[in-house]
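> Chains as they are written, first to last, in the numbering used here: chain A, 202 to 463; chain B, 193 to 529; chain C, 123 to 217.
Just so you know, not all the hints are guaranteed correct.
In silico DMTMM-like pairs for lysine to aspartate or glutamate, Cα to Cα no more than 20 Å straight-line [said to hold, decoys possible]:
no., chain 1, residue 1, chain 2, residue 2
1, A, 347, C, 170
2, C, 190, B, 231
3, B, 519, B, 504
4, B, 519, A, 369
Keep in mind that the hints were calculated from the coordinates and are not lab data.
These numbers come from a predicted model, not from an experiment.
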Amino acid sequence: MTGTDTTTAPATAGAAVTAPAPTGADPAVTAAALALGDDALVLAQRLGEWAGSAPVLEEEVALANIALDLLGQARILLSLAGDEDELAFLREERAFRNLQLVEQPNGDFAHTIARQLYFSTYQRLLYAALAAGDGPLAGLAAKAVKEVAYHQDHAEQWTLRLGDGTEESRRRMQTACDALWRYTGEPFQPLGGLDVDPTTLETAWLDSVTAVLTRAGLTVPAGPRTGAWRAGAGRQGLHTESFGRMLAEMQHLHRSHPGATW
Amino acid sequence: MTTGTAGTAVTAGTPGTDAAEEVTRAAQEAVFDAAVAADERIEPRDWMPEAYRATLVRQIAQHAHSEIIGMQPEANWITRAPSLRRKAILMAKVQDEAGHGLYLYSAAETLGVSRDELLDKLHSGRQKYSSIFNYPTLTWADVGAIGWLVDGAAITNQVPLCRCSYGPYARAMVRVCKEESFHQRQGYEALLALSRGTEAQHAMAQDAVDRWWWPSLMMFGPPDDESSHSAQSMAWKIKRHSNDELRQRFVDIAAPQAEALGLTLPDPDLKWNEERGHYDFGPIDWAEFWDVLKGNGPCNDQRITKRRQAHEDGAWVREAAAAYARKHTGQHGEAQA
Amino acid sequence: MSSDTWPLWEVFVRSRRGLSHTHAGSLHAPDAEMALRNARDLYTRRMEGVSLWVVPSAAITASSPDEKDPFFESAADKPYRHPTFYEIPEGVKHL
């Protein structure tokens with residue numbers, strides 16, 4: 202990608218295809234479904250990288266369950282916006298609308314847990330609010346919020362154990378929480394097409410995360426919660442450098458066989 | 193020593209010095225032999241011959257190790273699966289393998305060994321896993337070939353183990369076999385999609401079957417006349433059929449399946465023998481089998497290094513959770529935070 | 123036990139309402155809360171259960187196979203505990 206990155210919100214810049222949304226769909230809803238679907242897809246992909254490398258067998262099973270829940274959510278959401286495989290495999294990096302938070306590399310287990318904690322807390326608040334409404338995503342959110350409640354519980358349990366475990370685990374968990382903190386402002390930017398304004402969820406998110414971190418004996422990070430780049434972030438199709446490599450790996454096989462079915 | 197599934201793993205009666213103990217021991221042995229002969233199950237706290245226990249530990253551990261090492265060649269493709277549907281299927285399958293490893297380690301633990309000890313032995317090369325996982329997955333079609341052929345061979349081996357004389361192993365295998373029923377079908381379906389797909393996809397599928405066929409036949413172990421543990425295991429009803437019997441059964445099942453797939457098996461001698469009522473097949477390259485077993489396969493080092501790395505990288509996590517439990521836990525492990 | 127070893131737990135699953143919990147298998151976990159979650163992830167991922175118990179394996183007291191006869195054999199010669207022991211004239215109903 203070159204210099205054009207500084208423009209704001211280029212909706213489909215660099216996209217190889219623009220998968221047509223199902224006819225009759227409200228484009229704003231479609232865009233929102235795409236953004237939420239991308240969150241779920243990208244995080245599932247990252248969690249899938251753990252397979253075979255988890256700290257203990259029981260955790261292999263737990264992480265895979267979370268990844269499978271997210272992948273299921275992604276497939277439903279992307280199908281609202283078009284063909285799930287075209288959207289997943291044929292879009293360029295700049296056309297992805299996921300939060301930068303979910304694309305962050307796994308790092309050590311502490312980074313993965315911090316990412317899970319931040320994201321699942323947001324996702325649960327958002328889906329609970331969507332489920333309470335009567336918008337087009339209410340039904341999906343009602344099912345997903347139960348899954349996400351478990352993801353949040355999993356992340357909280359581990360945050361407590363890593364924060365209040367050994368000296369090493371506390372240090373690692375604090376480092377991870379600090380490192381990912383700058384990606385935690387983005388989820389609360391306005392997102393059109395939803396009958397919930399994400400900005401209204403921010404206080405509850407901060408309260409919840411603060412409570413868990415405090416209970417775990419961790420310090421709530423003090424740094425800024427958004428980057429200094431005014432062009433925007435993931436929701437505007439602006440991503441971090443490792444994301445392109447993640448996509449290259451995810452997409453290469455599908456793209457090597459244009460038109461093939463699997 | 194912690195205990196195993198529903199029963200303390202007590203050490204089997206050590207041979208006594210006085211006559212009374214020897215009488216007891218003979219009586220115990222008679223009870224054990226009678227139970228095996230009557231097709232009853234041996235349970236963890238029953239007396240059992242040391243060699244029976246050792247054989248089971250070796251076999252169950254090797255089986256468990258195979259499940260968790262076997263995650264690697266397939267996990268290799270999770271991040272690259274060509275559709276979201278295939279990605280979900282593959283994730284669920286690799287997850288099952290972790291679960292199966294876990295069930296099997298638990299079964300082994302009922303015999304008085306801990307999972308940690310068994311993992312140590314795997315990591316230090318003192319216990320083996322199935323050699324099939326020392327072959328690489330080079331293309332997406334390998335995922336299909338593993339499902340169809342490797343899981344197919346494994347199922348052929350495993351179904352009789354559901355009736356194994358040792359209760360916890362037999363019960364673990366019932367669960368494993370039930371869950372694995374989708375593994376082979378998804379592999380076959382994935383290969384079928386490739387075989388019926390583009391020319392490039394078809395070629396990919398054929399190439400994978402060419403590479404996995406012979407190693408799959410080797411999974412049944414050496415020929416009966418060279419198999420060192422077979423006779424005793426059959427007598428103890430740990431094993432129910434010989435290596436060659438199971439291999440033949442697998443070939444008989446796979447050959448027509450290959451035809452339906454539209455793929456050929458890489459064996460010019462493979463053909464139906466009306467007289468025997470079985471497929472004849474060509475000679476297996478046992479030199480390769482022994483060579484891979486000795487550590488000279490394409491991925492032996494890679495698999496163990498990765499496994500060891502994951503275990504070492506996870507040590508601080510396991511320590512943290514154990515430390516947290518010590519700080520917050522009451523007598524029976526209820527976290528009191 | 124080394125510093126990173128987790129104890130063993132036994133898992134009991136109620137497969138549906140109205141049935142008892144039955145033993146499903148075991149797993150390792152650092153404490154009861156995690157044991158319950160690991161049990162959920164491992165033993166109910168195919169809708170096998172609606173309720174779970176986890177018990178530290180070390181907390182189970184099992185009868186010994188050596189005591190099999192004194193424990194269980196004396197029940198064998200008391201057929202009068204079973205309804206089939208009793209003869210009822212033909213035609214008598216609701217008994």
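> Take the hints in turn and mark each one as holding or not.
Verification of the supplied hints:
no., hint, result
1, 347(A) with 170(C), "18 Å, holds"
2, 190(C) with 231(B), "19 Å, holds"
3, 519(B) with 504(B), "24 Å, violated"
4, 519(B) with 369(A), "16 Å, holds"
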